[in-house]
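Asker: Here is what each chain is made of, one letter per residue.
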Amino acid sequence: MFERTIRSRAFWPLCGILILLFFLPLFAPRFYVYIFALIYVTSLAAMSLNMVVGFGGLFQFHHGVFYGVGAYATALLLAKTSAPALVAFVAGPITAALTGLIIGWFCVRLTRLYFAMLQISLGSLIWAIVFRWYSFTGGDDGIHGIRMPSFLSSPQSAYYFILVVLTVSLVLMYTILKSPFGNTLQAIRDNPQRCEAVGINVRRHQLLAIVIATFFAGIAGVLFVVLERSVFADLLFWVLSLEIFIMCLLGGWFTFLGPVLGTAIIVSLRTFVGKFTEYWTLILGILLILVIFFLPEGVMGYLQRLGGPRPKGSAVRKEEIDASGGVGL
Amino acid sequence: MTLGVAEVASQFLVGISRSMILFVVCAGLSFILGVLRVPNIAHGSLYMIGAFATFSITKFFPGTTGFWVALVVAPLFVALISLIAERVLFCHLYQREHLMLLLFTFAVSLILGDLVKIVWGAEYRSVSAPPLLKGSVSILGASFPRYNLFLILMGPIVGVALWLFTTKTKIGKISRAAAVDREMVGVLGINVSWVFAFAFVIGCFLAGVGGALVAPTVSITLGMDHTLIIEAFLIVTIGGLGNMWGALVGSLIFGVTHSLGVLFWPQFAIVFPYMAVVIVLLVRPKGLLKSVW
Amino acid sequence: MKRSSCLIASAVSVLLLSFLLWPIGVVAQGPIKVGIIDTYSGPPTTYTYDVRDAFKLAIDEVNAKGGVLGRKIEFTTRDDKFKVDICLSMAKELIMNEKVDILMGTINSAGSLAVSEYVKGEKVPFIVTFSKSEKITGEKGHRYVFSITENTAMIGKAAAAGLAKRPFVRYWIAGDDYEYGHALADGVWGNLKKLNPKVELVGQSWWKVGEPELTPYLTAISAARPDAVIFATGGASMVNAMKAAKATGFAEKIPMFIHTATEHSTLAPLGLDAPEKVIGTSNYHFYYPDTPKNKAFAKAFKEAYGRDPKVGALYGYLAAQFIVKSIEKAGKMDREKFIDAMEGMKVDSPIGEIEMRAYDHQAMLPMFMGVTKKVPGYPFLIASDIVTIPAKEVMPSIEEIKKARGK
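Line by line, the protein sequences are chains A, B and C. With my numbering as the guide, the letters of the first sequence map in order to residues 1 to 329. With my numbering as the guide, the letters of the second sequence map in order to residues 1 to 293. With my numbering as the guide, the letters of the third sequence map in order to residues 1 to 407.
Treat the hints as calculated values from the structure; they're not laboratory data. Treat the hints with care, since some could be wrong.
[Stated by the list, open to error] The list that follows gives simulated cross-link-like pairs (lysine to any residue, SDA-like), each with its CA atoms no further than 20 Å apart:
hint: 1; chain 1: B; residue 1: K117; chain 2: A; residue 2: F276
hint: 2; chain 1: B; residue 1: K117; chain 2: A; residue 2: T277
hint: 3; chain 1: C; residue 1: K198; chain 2: C; residue 2: A228
hint: 4; chain 1: C; residue 1: K325; chain 2: C; residue 2: R166
hint: 5; chain 1: C; residue 1: K120; chain 2: A; residue 2: M148
hint: 6; chain 1: B; residue 1: K290; chain 2: A; residue 2: M148
hint: 7; chain 1: C; residue 1: K403; chain 2: A; residue 2: S135
hint: 8; chain 1: C; residue 1: K56; chain 2: C; residue 2: Y305
Next up, chain A with everything else stripped away, as it sits in the complex:
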């Protein structure tokens, strides 16, 4: 299964970059170690979203809920109980996936914008509960100063932990997407009616995809707690979900690593452009418009295109399907 991957154009350069990143803390200043770690955490959330958006074609507009639930599950266990860290770390993705299962079960009955709005409503209910339940969740004050096991106490060790978990997660996600399940998912994205006709249980596939994606979102949430030692209600608010969604779109949601690039661009922009002007969202808006006009497949899609034939499932093919009278929004 991996032969084609290893022989593909991008594999060895990517390995090279990974090795470079492993050595980063040795030569980079403290702040860059932190920012890269932040990019890893957020890009894992974005990658997990892309599993259902880019590869599943679902309008997952409130993915942040699962990211936040994962983070809160871990944070609550670490802050309120004396549970061992490993238990707390595992609880994060499991809780997130359970939430994904429940919310997903309701949402897959709907399509497109209705799916999105139902998810936003259900997610907002969870947000409202966390926001109001001050005694348990810290409400809108959040929980800060969360304890970490000693092997994660230094910023460097946190960085390595996050990088390792990210790499393993990406490999797992890649495997899943290249598997028969992943192929079916993409087929469902491209033409759900045809899949139904062939006997595929579309809803069950989509639900399974959501559960897997939210599991990884939960992992991202755990990594967030490891990095920042804080959780707050903002993590469950729809604005963050929209931000992650934009990271996927910007990077290119038909490519595998597109969301990582999108995340890196937005986090860097926010951090470094913010130093010079308080109007950095204006600049982000202009950048997005430039990308839309000149790089229609996202930044990663463009980079891939430079090297050879169109990648599978490109934006152009989607247009062809739509023009043939597809389902629309």
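With chain A fixed as given, assemble chains B and C onto it according to the hints.
Answerer: Using the frame of chain A, we list chains B and C on its own:
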């Protein structure tokens, strides 16, 4: 607490008046969604610009006329902005992926949001109701602001105007046709691109009207766009995509459940709109009224 | 290797290298650096601009006289957009990348708490400028965090002191449904009940933060006919509440108490359309006390920025004073010495001498309680019949702080 008929009636009317503002904005959003099939995230920003423009115009024309002038000029200003955005940028994107169009409207909302801050600054602004509509009247003993009565009138006026427009005028009928089957409309020799431009501008005009109408009732601040846009999307979805009457029904559900909820269960009124959406979508997965496509 | 993979690899390498070559903040001698992390987008901006602008005014004055100990003071700001994750991220950037000596900020209480936790480990002094959570210097207070603004405990005590003197018995509490609103309400009610055990709570209403349409809530409250209503609102809701109260005539019939109803941030946008007779409390009025120092401060601010100073300006000014005087007392910009110097420091301000209490690092601010009134000569309402509640009556006792911190 004595909950007499007067209080409930008054509260009900308050809910309706709030719904009318939502209806005006959502009718525009729904119209754009119907014809262009694009969820216009920038709708909230245009609403906010409508409100800020109303503030500036009332400052320029103080006295009794200011508000009435603003009610006409502010939406025109918003419509102009949307026309420029559409002709210069948006129209080139109609062939693209829906998600890309969504991304575009999001980018526009970011830009407009910061432009508002640059032009109007960060201070809270306030607009007073015109003298004709100041003060309150007594409804069955409970006091009810005159301005809210005005809103209850305006909603149906806008609704009827929009209905007449889409059913009686040629361009309105073409827009409706384009919503259902854009290819057919193109085949008939009509320039679909101009139809889209027109529909987009009308929808944004309505957002401006909403902004102008809301201006005397709230403090005009940055961030108004965010609070509105999520409500607008929820309403439009439960009403049925592209369906103006759906937008009306959705807005009424939102406004009335909220205000009555406040009266009976004030602790939980915050979640009522979301609960309403969840219930509606579970019972009627395609929205309450027929969606246009 | 194919062309594209080379391109990707080199692009990423260039990106990584450029990060490393990015100019990093200069350490060593040179100016003293202060970093401000605050919200400069959305509704809170109207408050935070005043903090930053007054700080700049004060610092410019100091720098014009040669700075502190021969060094100029520089400051740089970051916008957290009222999001806690960005707040924490930017605070880390200011400390790790920009290498600021002192950190200041933010109006977001959750952000302040998160940053406070972070500076504990980094050992960087953090001065909170506008967050009202009492936990900042109370339960979660520590050596590296200071507050030069009021908090909900202080507001509660001050409001109760003023309300207890009035004849109201049946109260309704209404407010923004978030931590600040609830803490404010709890603070006021708890203290009021202690001072006047006869008061009773008839009901409560809570709306989402920034709720634009408050008329339904007001009609519901007037149905209950309480003697008075305590509003626990923040920011934009305050203006909305005042507008709705005026439009429905509520303010005429039922006495209202809103913290900061009398403050200029709330009254300025409403112009002459604000309701009268609303009772409010505030840390600062640019027209009271009518001392030469306050007049000069207000005049300088107005000349520099074209608007009258609001309460944020006082906080910005205080922050500058405390920083400058503490560095002077410490003899050099050493963070530990700076903290020691700031404990117990007294500075002069437009509202009189203000002391930084050593035990909990909370500035001892008095509260001014007044009633909104139309007065000729101003295009907006002002506070009248102002009563000063001295800081000593307003501060939580050291025993209370000790208890909160679990000592």
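Asker: Run through the hints listed earlier and report the numbers of any the structure violates, in increasing order.
Answerer: 4 and 6
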